[in-house]
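Novice: Here is how the chains run, residue by residue.
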Amino acid sequence: MLSRTADNLYWLSRYVERAEYLARILDATQRLSALPLAYVGSSNEWESAVLTAGCANAFFKAYDEANEENVTDFLAFSTANSSSIRSCFEMARSNARAVRTALTMEMWDAINGTWLELKRYGNGPASREEVSRFLRWVQESSLRYDGSAYRTMLRNDAYWFSRLGVYLERADNTARILDVKYHLLLPDNERVGGPLDYFQWAAILRSVSALTAYHWVYRESLQPWLVADLLILKEEMPRSLASCYEAVVRNLDQVAGAYGRQGPAQRQARGIRARLQNSKMDGIFQRGLHEYIGEFITENNRMGAAITEQFLL
Amino acid sequence: MVAAFDEMKGADGGVRPAYGELARWLDEVPPDVLDYRRREAELLFRRIGITFAVYGEADAQERLIPFDVIPRIMSGTEWRFLEKGLTQRVKALNLFLKDIYGAREILRAGVVPDDLVFRNPAFRPEMSGQRVPYDIYIHVAGIDIVRVDADTFYVLEDNARTPSGVSYMLENREIMMRLFPELLARHRIAPVENYPDELLATLKSVAPTAVARDPTVVLLTPGVYNSAYYEHSFLADKLGVELVEGRDLFVKDEFVYMRTTQGPRRVDVIYRRIDDDFIDPLTFRPDSALGVAGLMSAYQSGNVTLANAVGTGIADDKAVYSFMPAIVKFYLGEEPLLKNVPTWRCREPEHLAYVLDHLPELVVKEVHGSGGYGMLIGPAASKIAIEQFRAKLKSAPKNFIAQPTLALSTCPTCVEQGVAPRHVDLRPFVLTGRDRTRIVPGGLTRVALKQGSLVVNSSQGGGTKDTWVLDG
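Chains as they are written, first to last, in my numbering: chain A, 1 to 313; chain B, 314 to 785.
Just chain B, same shape as in the assembly (with noise of 0.2 angstroms):
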């Protein structure tokens, strides 16, 4: 495998300017001092876990996310790319679902095949034809983002669902501050604490155009059974709105209300972060608990908005990932400021042979996975992980797409042995409104905390690190 880039040291080993400050205080501070902070924040994260995050059982504290507190760095010039790359990407996204459940202009331009879309799971017919406010389908985009050198970012995954992650953002800065007050003071470091109000000004401005007062937004979750039910508490406090389940929500006259102790109320924007499967058992699975009979009827009588619209999926399935430059380029007319990672669709006989030939140096993923499993990483793969996945993947070659092993960039990370590099990624978190783009700077990172691991999600021993975006 081709060495990967580490961000402080670039590819000669001199410090790159934007770490110039962290390197000098890594030298500086000594490595106790270090660990004990380490344990320090372990010690707060676990507080706030328990105090906030509320994992029920016994094993709550197990599952808290590992966090690393040697920071990750971007200059202001690198940010100011990856924002102008994230906005392109998210409008052309927009874009591509208004057209997809409107015209289909890009199906007949033949730049996406028909059935990837129509025989596609995410797609929502019920969505056809129908418009949503301002023509915004994803108000809240978290985008996948690594790095191979120091010019050359790619997409790995456009997340236009329900991300999730932006709390630790905000956390892992809070914690920063209370840990390491000297070393923030010595950089100048963009803020991130303004997201829930970006948040809150999105959502308040693709409210239905009827409303005339100030709308009432609601954030829906599935309950505290929901893994990121934390982060959904979390935010609906830092928002100041109320947080809601299926039960409290009702249908009435195509009007969708809450209801409170002052009797019914009216609901304006639903920021939901529950998948469309579930969100109303009248139009989706009749066995969901979770959602709102009548929810669809009002949000396609125009009464509500939902945030983001159903639908999204179809978006950042893995197949139309693959055609994402071409889409850029058809909408907007631009070249992509953000590559993608060169991808091979299992679904093309071509494309299949050639992945058949190469599987020990290719990673392999399912179209509609997540969370890093089903996936197999070739050069990390023993022999027989190799043939039984040949099999999987023979069988239903639809279902897979492949790419090379990138040789994402690393970070200096505390580690048991001291500090050494550790392949990240970057989710930044992209808010599309009716009058603009928010995108706060910087995002969650995270690490592979085991040597020489790629995976870096959180279900499979990855940690996170906060991240500065340095003024200038």
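Same shape as in the complex, but just chain A (with noise of 0.2 angstroms):
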């Protein structure tokens, strides 16, 4: 397939994952931000969801202060925000419409009709409440589009191309959250913070829909080795790392068994992989959870660019 195509497809899905993501930020953060102080301590949670998303700079260039008005702003409706939900789902339309051929009806009218709708929300929502429902709205587009995707697309390199877009981008948020919010996971914070954090750490599971897959995977109450644990290695749960890299390997594989040859994209994702597979929580934690995940982001994006020399191009 042509590589702009491939690009495309790729893209396309990243951004649609990507405003996902914004928007399970906001909807945690909007919890946090609304318990009393006692419950949470007096750490600005729109300040770290502006960290989360990874635009501070861009933030503070447009704003002062991050509240709750100017960072819903920002991360949601912003067009000067190339990395708002509203530019994500801009941008996810215009690669669509540029391959609107390799995609199938299902999907085109997923991205289309949700831009469509983008454009009832004007500039911004009125209300906490009007808040609530887009942020909703942003969750189910995103969940209609991937279902139709898996529900419609032909098994071949332009489903995979698509897939790999969603899993870099989901790894990457979620390494991410854990970057910013590491130093509530350390073990000795238990005594630092102690039951301060409990709701920062749901806030962390929520914002990667893994509040209940936690309680189902360790049948106990929040521990925050146990949420770095299920966020970096439990190849069961959606979005860890480890299940990111279990899913880009896969599809990678795909790729080349149809083109026949193995090239280096392959093999770095085969070798990040392996290290997250050779990884154990004490061994993280003693050389240092902030570092691990630090190269990690430096390590995923330097797959994202392998994949695009190798095929993208």
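Keep in mind that the hints were calculated from the coordinates and are not lab data.
Possibly wrong hints are sitting among the right ones.
[As the list claims (entries may be wrong)] Okay, the calculated beta carbon distance ranges per label pair:
| # | chain 1 | residue 1 | chain 2 | residue 2 | range |
| --- | --- | --- | --- | --- | --- |
| 1 | B | Ala463 | A | Tyr150 | 56 to 62 angstroms |
| 2 | B | Asp550 | A | Asp253 | 25 to 31 angstroms |
| 3 | B | Lys705 | A | Asn156 | 55 to 61 angstroms |
| 4 | A | Thr152 | B | Gly327 | 50 to 56 angstroms |
| 5 | A | Gln262 | B | Gly442 | 46 to 52 angstroms |
| 6 | B | Gly442 | A | Gly54 | 55 to 61 angstroms |
| 7 | A | Thr152 | B | Pro494 | 58 to 64 angstroms |
| 8 | B | Ser614 | A | Asn156 | 40 to 46 angstroms |
| 9 | A | Thr152 | B | Leu377 | 23 to 29 angstroms |
| 10 | A | Asn278 | B | Arg491 | 56 to 62 angstroms |
[Claimed, not checked] If the Cβ cut is set under 8 angstroms, some of the chain B residues that face chain A in the computed set are:
| # | residue |
| --- | --- |
| 11 | Leu377 |
| 12 | Ser546 |
| 13 | Ala549 |
| 14 | Asp561 |
| 15 | Arg572 |
| 16 | Thr574 |
| 17 | Gln575 |
[Unchecked claim] Computed list of chain B residues with no C-beta within reach of chain A, every gap over 10 angstroms:
| # | residue |
| --- | --- |
| 18 | Ala316 |
| 19 | Leu339 |
| 20 | Ser441 |
| 21 | Phe493 |
| 22 | Gly646 |
| 23 | His664 |
| 24 | Ile690 |
| 25 | Asp748 |
| 26 | Arg751 |
Glycine residues also receive a C-beta, built at the ideal position from the N, C-alpha and C atoms.
Starting from the two chains in their separate frames, assemble the complex, guided by the hints.
Specialist: The following block contains the structure:
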């Protein structure tokens, strides 16, 4: 297939995934900031949301203060922020439009319908209720796109490239949450933060839709090292780094099988996956959780570059 | 103005045989059913428009071309005549181009004046002495035809560059089959759905001779912002070929490649829907971001076929058009089957004098114009407009031709007040390959929806109809 087509499909999926992630962050932050200070400490959750979204520089260029109004506007509706939910959907659609014939009717309907609906929100909702509705709608739109891709696409390279976009973006998103919140997950933090952090952990899990999953996997109350374990190493948790890389490797192998050759992207993906499989939480904590996550984010970016270089140029 | 010939009622008011079933059906069908179907068709088109046509902006829906649910019908006999005439005309056009870019016999014989060719912006000196595969220049032609009575068809315009509209021909039929299966079943209609296959066969047949494997064909589009992008993606999809933009292609060692996920892949035939001017910034407009640098050199080396060839614009120029009867005779030694509309070339003083004296009854067109813009329709124009046009004409007579106002034939059409006759034209698509000429029966019928209007262009309130060619 044309490299540009593959590239468009890859980014289309990344943008939709990113929009959903931003919606989850905003949702989790809204809940957290609504709690009395006694439950969450005095940290500025809105600033933390901007950090987690990875656009703090751009944000503070545009605003002085990270408060609910500014952050919601910037992450959800701003046209100045190229990574806002609105911008993500705009770019997803323009990518979709450029490869209209590579999409199934259902996928096009999902993405085009979302884009049309987006116009209804104009310059942003007036009330908190409307923001909540908007955030739910964003998540539903992403599910609809993802579901229609899963259910209707031919299983060929077009599908695999669109999946690769999803998993690379998802791995990046999960890693970014961990990067910003790592201090809450350190084992000795229990002493420092005490029960104050309980709601922070819950918020982290909620932002990757893993709160229920946690209880099913560990069957105990929230423990920071287990939260880290779930998000980094548990392959059965769909937003964990390990699960994302299981999927990246699988999809790259499909491509290699169809094209009859392996390349640097496949080797690199297998390397990252092997490292995740061979890691234990103890070891990660000993070496430093923050460093581990930082390295992963760099590796994941390199992975994206390798895919681009091998297939998409 | 003379009364127009109605294709259903004929000259004497009796229903013509090809329209027999339709006339009966129109009598039977309650007006509200027709109206309901009309709205249903619009909905279907909107849906296709939204899901396919991706006319980006908020006015997407307004930009859909109106579709009229009453088909235009031709008998097999009428069509066979047209088919012969079209084949003859396109053959002559191809021979003309081969000659103009080759031996130039027709100029030497004085049939066509030199300066009309050499001073024409559509003439491409880069193509002089350049052979193209099988001497075919116009692989896809759209010949605009109008009818004035039962037996007389005129060619209004030859489109030899990148004619569009064929997607409407295909979709109009699809919609009709969905909406009126029973009406279709009462007729035996020649199919059009094989057009993409015919087009692909045509394109493959003109691949460079050295290509031994199955040739790789691509469709080159200017991109999503082009108004015909929908047609480009629609056709690429139906042809099963890659829809490429300039940036997807590159030239190395005089060969053209496309960038794929499996590395570079050789391209043999490019069905290009980009104008000559934009196709290669190294040869033509250097500011073009749409083309492929070096494409012309690969083309001139014979390593890739462009369809249509570069430089075909010289054949569909309106001033050259006026010489078509002579051109047909010169190359084929035959009388043209399809007539030319009598044309005054304002570049010639006697013609200009006549035109200036008769402006209120003539249609005056710009030589290089298209889309129905920049023209004067004398009988419909105000005195002031005529005087303004007179000044324009006098200042640059070379840029204009004039023709009598034709009474275009009419067809029954669904309008606000019910069913009424409206003026129509026809654009059949003529495919020329190495092996043969292929014409899918019918074409795109355009209809002027405004009462009395003769302008069928979609940019000026025209609509389209399905065109039925009956078997036998």
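Novice: All the hints need checking, so say for each whether the structure fits it.
Specialist: To see whether the hints hold, each was checked on the structure:
no., hint, verdict
1, B:Ala463 x A:Tyr150: 56 to 62 angstroms, "holds, 59 angstroms"
2, B:Asp550 x A:Asp253: 25 to 31 angstroms, "holds, 29 angstroms"
3, B:Lys705 x A:Asn156: 55 to 61 angstroms, "holds, 57 angstroms"
4, A:Thr152 x B:Gly327: 50 to 56 angstroms, "holds, 54 angstroms"
5, A:Gln262 x B:Gly442: 46 to 52 angstroms, "holds, 49 angstroms"
6, B:Gly442 x A:Gly54: 55 to 61 angstroms, "holds, 59 angstroms"
7, A:Thr152 x B:Pro494: 58 to 64 angstroms, "violated, 27 angstroms"
8, B:Ser614 x A:Asn156: 40 to 46 angstroms, "violated, 34 angstroms"
9, A:Thr152 x B:Leu377: 23 to 29 angstroms, "holds, 26 angstroms"
10, A:Asn278 x B:Arg491: 56 to 62 angstroms, "holds, 59 angstroms"
11, Leu377, "violated, 15 angstroms"
12, Ser546, "holds, 5 angstroms"
13, Ala549, "holds, 6 angstroms"
14, Asp561, "holds, 5 angstroms"
15, Arg572, "holds, 4 angstroms"
16, Thr574, "holds, 4 angstroms"
17, Gln575, "holds, 5 angstroms"
18, Ala316, "holds, 46 angstroms"
19, Leu339, "holds, 34 angstroms"
20, Ser441, "holds, 34 angstroms"
21, Phe493, "holds, 24 angstroms"
22, Gly646, "holds, 46 angstroms"
23, His664, "holds, 48 angstroms"
24, Ile690, "holds, 38 angstroms"
25, Asp748, "holds, 28 angstroms"
26, Arg751, "holds, 24 angstroms"
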